[in-house]
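Chemist: Sequence:
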Amino acid sequence: MKFSSFRGRCRAIETRFVPVRSGIRQVRGALSVPPSPPKLTGRSCRQNDRSRMSTASYPSVLAHLGDLPNLAVEDALLHALPTVSETVAVAAIEVLLKRARPHALKHLAGHYLSYPDAVRKTLAAATATLSGSIRDLMHAPTAAPKLAALELIRESNDASLAYLTAEGLGADDGSVRTRAGEVLVELVRRHLETRPEPEDDDAERAYLARRIQLTEALNQAVRTWELHFRADVLAAALWMYAETEPVVRSRLEGPRSHLVHATRQILAGPSDPRLSVFTWCALELDSVREAAARRLEQADDAGVLAGLIEASWLLADPNVERGCTKVRATRWIRTDVRRLADCDPHHVERIASVISRSGIPTAHKLEVFGRWLETGSPAVRRAALWAVVRQDGEGSDALLLSAVRGPDPALAAIAEKELRRRNPDRVIPAASSARPPVRSEPATSAIPGDERGGKIEAPRSEAVLQPESDNAGGSSSPADVVTTCRALLNSPRALDRVRGLHAVRERGIEAGFSDAILRLIHDPDGIVRATAAASLAGVDRGIAAGALRSALSDAEPRVRANAIEALERTADERITAWIAPMLKAVEPRVRANAIKALLARQHAPAGDALLHMLEDSSRAARISALWVVQRLGLRSCALVVGRMGREDPDAHVRRRANRCLSALGGADVRQAPTTSRHAQEALR
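When you line the sequence shown up against this note's numbering, it's residues 1 to 684, in that order.
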């Protein structure tokens, strides 16, 4: 069968009477013969001949082939790809991608490594179309298709296919495991090196979606670590510890975990700013605490402090602060602290507490806090002042004296009060008369706004002050401790009463001070009442129940929130009826604590309240609701939380929602009870 023109060859394929093999031969012949230039006569010759000739190109011919239903087109184009130029090959690839026949797509992905760069770029940009074929190649029995699929994933930088690299880590072939680990690490590295523009909501949603996809792949790689033992993959999971924390923690705390030795080796390795977040958080893990402390002692780059700032939301566990006592190096705290001004005040407070409790010499701590006192951020200055109050010696007195003479009236009043307590016989220059008088408790002493919705107590900076007569936190005899605690609880100063309550709680001796705690639940100071309400959790249930019920009607939100948490541990059946009215509380913390307590008791209206709180217009309310979901492990809320992570108008809420969604991956499945069908469908 002969054809006189190129279009004639193409038209022949349209009919079903042309055999497939003959169609392949005809299309290959058409692709191998250059198109004839158009015949130009008359007026056409006087126009732009080159422009007219350029329109007769291969892409237009291939576009014509792309509309033909004959299966011979795929086979013909696939056979012709190795013999044509890059321009024609790219056009042919576009035709094949448009037709999207499975056997052709699988062939393209499987031969990806043999194609020129232009073709590979075209295929890498079309992974959405090729995803099914890439998945099939990763399940192939031989190594070559898997390596081609992994290379295509790497060049496309498509995080939605990262789970396939985690599957490749369990392959029988060593080369596939090695390449899969390298590709997964590179995907994580590229993600961490890119940051979306703050004003671009679409880019930020895409960024968070990639983060979730990479987190799922890393979690799978950590769970199956014994199949590949890839230290670089484990390091990548530690880079994203804020998201992988539930899975990594469960493996590190598990019995005879193989990850412990590898994690210690990573912490003993060269400096890597990406590990700063995990290094700080590792201080609360018994298995790797010593290695993390040694790494912090050797660190001398700004990434350590940056990691502390970024990890401050994870530092609620007191084990972190206890682990900080093992950190004795000073280089990491000498870095630039200007980033602290952009932090949440609550985070700054925790960072100052970590530095204050570290094993660093006092002189070096005071040097750092002295620089903090000179900054322009009120939150940083306040955190520094309370950190200085925790220190003893002439150096701290000098900083307190400078704060008395400083421009901030509230801080000057606090510093003056502490100096008078330390030096009752010394003449202390009074604060300016224009400043407000010193109160029994400064107005700024309340906990900075913590939107997690957790327990509300007095700030730790107040709770660790040294008492006037003795050290309630030292290694005194039991009789001395009881005497000191009783003296603090009966002190006329609110600050001492708070310190006494904390000392009692830290030793678990609330039962011996039940009379004093019950008296302090009616104290005129709100912080004292809140701390007393939290302390009643350790008192006999029959004695504490009545006092806690009265605390639920307290005017101070923190008192009601702590009372709910204390009542949550009580088995009394009346508790549900007492807490139920708090589901309508205006304060997010109170409402979140009530929802958490009642969901644990399978109280159906609490599920409705949780749903409404997740959709609340207040940012603090939505974050508090996310705290409840994560605390109770309500995986049934994953769809709602995932939608918040993608669509919430507030960037902070989106980040918190995605962290919550990542944490739910390691939680036990629990269903939130609801009454309305709308709530049941949303939480299902």
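Incorrect hints may appear among the rest.
[Unchecked claim] With a Cα cut of at most 20 Å, we get these calculated EDC-like pairs of lysine to aspartate or glutamate:
| # | residue 1 | residue 2 |
| --- | --- | --- |
| 1 | Lys121 | Asp173 |
| 2 | Lys121 | Glu155 |
| 3 | Lys584 | Glu615 |
| 4 | Lys106 | Asp136 |
| 5 | Lys584 | Glu568 |
| 6 | Lys584 | Glu565 |
| 7 | Lys121 | Asp172 |
| 8 | Lys106 | Glu151 |
| 9 | Lys121 | Glu167 |
| 10 | Lys121 | Glu204 |
| 11 | Lys106 | Asp117 |
| 12 | Lys121 | Glu94 |
I should point out that these hints are in silico values taken from the structure, not numbers from a laboratory.
Chemist: List in ascending order the numbers of the hints, as given earlier, that are violated by the structure.
Modeler: Hints 1, 7, 9 and 10 not satisfied by this model.
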